[in-house]
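Asker: Going down the list, the protein sequences come from chains A and B.
The first sequence runs contiguously to residue 355 in full-length UniProt numbering.
The second sequence runs contiguously to residue 645 in full-length UniProt numbering.
It should be emphasised that the hints constitute simulated quantities derived from the structure, not laboratory data.
Any given hint could turn out to be false.
[To be verified] Reference excerpt, derived from the structure (chain A facing chain B, CB under 10 Å, subset only):
no., residue
1, W14
2, E44
3, Q47
4, E63
5, M123
6, D199
7, P204
8, L206
9, W260
10, T265
11, S269
12, D272
13, V276
14, D296
[Claimed, not checked] Cross-link-like lysine-lysine pairs, in silico, DSSO-like; alpha carbons within 27 Å at most:
no., chain 1, residue 1, chain 2, residue 2
15, A, K288, B, K20
16, A, K95, B, K20
17, A, K29, B, K20
Since we're looking at a predicted model, the values are computed, not measured.
We put the beta carbon where it would ideally sit given N, CA and C, even for glycine.
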Amino acid sequence: MCHIQSSVCFSEVWDKSESGEWLCTASWKTHSGSVWRVTWAHPEFGQVLASCSFDRTAAVWEEIVGESNDKQRGLSHWIKRTTLVDSRTSVTDVKFAPKHMGLMLTTCSADGVVRIYEAPDVMNLSQWSLQHEISCKLSCSCISWNPSSSRAHPSMFAVGSDDSNVASGGKVQIYEYNENTRKYGKVETLMTVTDAVHDIAFAPNLGRSFHVLAIATKDVRIFKLAPMRKESSSTGPSKFEVQIVAQFDNHNSQVWRVSWNITSTLLASSGDDGCVRLWKANYMDNWKCTGILRGDGSPLSASSGQPISTTVGSSLLSQNALNGISAGRIGRRAPFAPPLRPLTSSKIDQTPAYY
Amino acid sequence: DLKSVLSLSIQNIPALRRGKHMGFAWGQGNIFVYETLFKATGSGSPFIHEVRKDEDIYSPILRKLFNESHHIFVGLQTIREDLPSKNKKPQFVSISKNYRSVIRACMEELQQVAGYPLIRSVLLQVSILLAIELIWNLCEVLFIDAAPAGSLLLHLLDWVRLHKADVDEKARDVLQSDSPAEHRDYWDVVVSYVLQGRLDEARQMLGKKATLTPAANNIFKMMDNLLSKMPFYNPGGTQTLTEFDVKWRHWHEEVDRCLQDNSFASNQHLEVLCKILLGDEDTLLEHKDLLGTWYHFLVSRLLFCHPTVKPTELHYYAQSCMTMFLDSRSAPEPLDSILLAAFEFDIHQVIKDCSIALNNWWFVAHLTDLLDHCKLLQSHNLHFGSNLREFLLLEYASGLFTHHSLWQLAVDYFDHCLEFGRVYLELQIERVPLDTERKALKVLRICEQRQMSEQVRSICKIMAMRALRNNRLGSALSWSIRAKDAAFATLISERFLQDYCAKGTFSDLDLIDNLGPAMLLSDRLTFLGKYREFHKLYGEKRFKEAAKLLLSLMTAKIAPRSFWMTLLTDALPLLEQKEVIFSADQTYELMFCLEELTSSLNTPSSDSDKSMQEEDVELTKVELLRLALSRNLAMAIVKEGTVET
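Bound conformation, chain A alone (with noise of 0.2 Å):
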């Protein structure tokens, strides 16, 4: 399934059917003002969606399975579990911790306040309970958790603020899990990162011994925490060797989200430019960017009656591909003769693979 959400006060949910045609299967007013957000929660605990909203509270979805022709004519049901109330500003963004936690939910607001909630009983989604309210000291629009369920450090989660006066600080905290407190401490702050910070996005471990985190700000930017090795009888919050990786400015203008892809080799942000741009790094670790999707600026067409339009992934592929090969080849065949020009300029690269 995929989600999207309107911010107007709506959510929508889109299935995938057998024939592969994407049909929105739930509609709903979600808020009673901006849904900024919309999360899934794993699998594991059914078909789980929160939200966030303006209206300075969170809410927990479940699917509910209604009859079966309601699936057949691609319907289903969704059922708000809890609203969570604690906040008294905004909230500006919901995320579920990584699973191995449990189903534990976590907000936070323009207030600077990141709450964390557990629903002790999987089962039973109307019932969370308060476990952390961390304050931030700045506003915030984004969290983040650390995915990595390795034993070798505690949980962590980093938050992002949005606060644009440069002398406040470092937009970037970063928050581990004390086993002797049994608190949430802030243990590093990202200094360099002074601008308004709108997302941020830990990527997937994959065995490596450190932390890799992308923030939206002014620009893009890659960082790397590497923990560093704690003497024996340190108790203590980790600390870390922070380095940033790659910057790039291209979009021109704010950036508003950066997301990993399931395998984290890839990173897409979306910024004022309109344009979502693709990033990858090399195996000499070097970051490049490898793709550009941009809206061709024509207005659009179709009445509001039909849903969606999948404009099916034509691959990266550009228009004049082919421009390399004579007209005189097609029609008659060549046995395994090699073209005069079998490679045009790269504008051929799907994937470039920039290796």
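Could you slot chain B onto chain A? The hints should help.
Answerer: Chain B only, in chain A's frame:
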């Protein structure tokens, strides 16, 4: 730098207005984009666009390539390490040839594909495969076979011949015509044959012209003579390279004498042939159209100038040939750079350029793997200690993983990446869409074989949850047993029992009857299993055993208190049989249980929102039970007290 600019690809998304943001969400091997405005209100767009990267894995013909090369790959990995490299070379060459034949088979199939809408993309795929095979073949000759001087040229000749097959087509046309020697392509064919060192065929062709022009018989005979005497090195023979070289020089001098003597002056075509045999650059370059490519030019030039060329000398000739052949205006194409890098024996450059220029990881991954097995790659140390081969294989396999059936091939690739293969597999296998139970079982088997216990648990849990939501209790139960999830098993057992109370029957009897040791996973599950056993015994009229079991369910506290009323109600028919089933002692115990139950029911904490009717029913049941128990007790005492005479 220029290369990185060229490696960028840009995709326009239709119907996304300027001034809006582009939202995105990652899918499985694809990305969804839609129009939106972050941090603002306003209507969104009703469109989502799905952008997919690799089309290749969706091509049915290329699928064969992936499948068969997977087979070769796995075979290659299992070649024994302890054999000395010398013995392994023929094996590696053979494997390289296997890969190439798979590519060729694919090409052939693609070329047979008809249908207009496919033509452009098909042609593109064919041309890419052609290039891949060309490069691979050269790599095989230079790196894997590593032919020494003498054999090297022969291999290069083969290479060129294989990739310039249009000569044969032309020759066929000429020969099939009424008068071949007068066909307009006649001399083109002859020259092409000579350029490729196919001298016997050239002689045959020339023979036809010779018979037509008896007046020029002498010079044709002379040419035929020269062609027949051109020495070719025989690697398996007794002649050393030096001896061959001497012989070749003699022949070369003889040809030169013919030219100086103007022997062929009367026939311009024959004179051209003579100059070619001498390796005259200008003459060769005059036949650019027949040569087609600078590497053909290179090989022909070497054939007629320096047939004993050493591998280390190749790059010098290659560079100069390329420069001479290409116009000063046109820049070398990516293919040219790759081939040049190969001639320079710069393997890493070849791989790097191929990665950038070609559109999928298949080629570089498999070739690099093979070269690595030949111990030709120095492994560059990466940050996390892996190497180039593994990096490419991981990229390739990750791409495969997004395909609904090819993902199974990817598993083997991950298995043979010793450093990171496992962790990549763990991450990606969890994302395989578990559309059907069969697929889930397939995925599970893969995880179980590799002791990926966390993934096993997770997949089973997902399936159990899904089944539970769709009210398929039996399926949910078997999945949670497989996940060894006691809590979930308890939950589902509860549901079964609730269902029984509501409907009076069990669903999924097969499953419950055959729980076996899995029954012990949770108390509730044990109870469910035993309770069903009770029903079975009753059905088989083994009343005494059924009775004993029923009682033990309560006395051993296997049954939850909430279920006791049901159990006692189940005891009623046993109590009301003609024959006494429960012994006196057993009856006392039953009564005790009943009292325990009713006393807890009468406490103030009991359900106060039970309707009057429900309370009545409860009371009646209790009365009935008390009566039946008393009667049974009486009968039991009498029976037990009676002495058999």
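Asker: Compare the structure with each hint and give your call.
Answerer: Going down the list of hints, with the structure as the test:
no.	hint	result
1	W14	holds, 7 Å
2	E44	holds, 5 Å
3	Q47	holds, 7 Å
4	E63	holds, 8 Å
5	M123	holds, 6 Å
6	D199	holds, 9 Å
7	P204	holds, 6 Å
8	L206	holds, 5 Å
9	W260	holds, 7 Å
10	T265	holds, 6 Å
11	S269	holds, 9 Å
12	D272	holds, 7 Å
13	V276	holds, 5 Å
14	D296	holds, 4 Å
15	A:K288 to B:K20	holds, 25 Å
16	A:K95 to B:K20	holds, 25 Å
17	A:K29 to B:K20	holds, 23 Å
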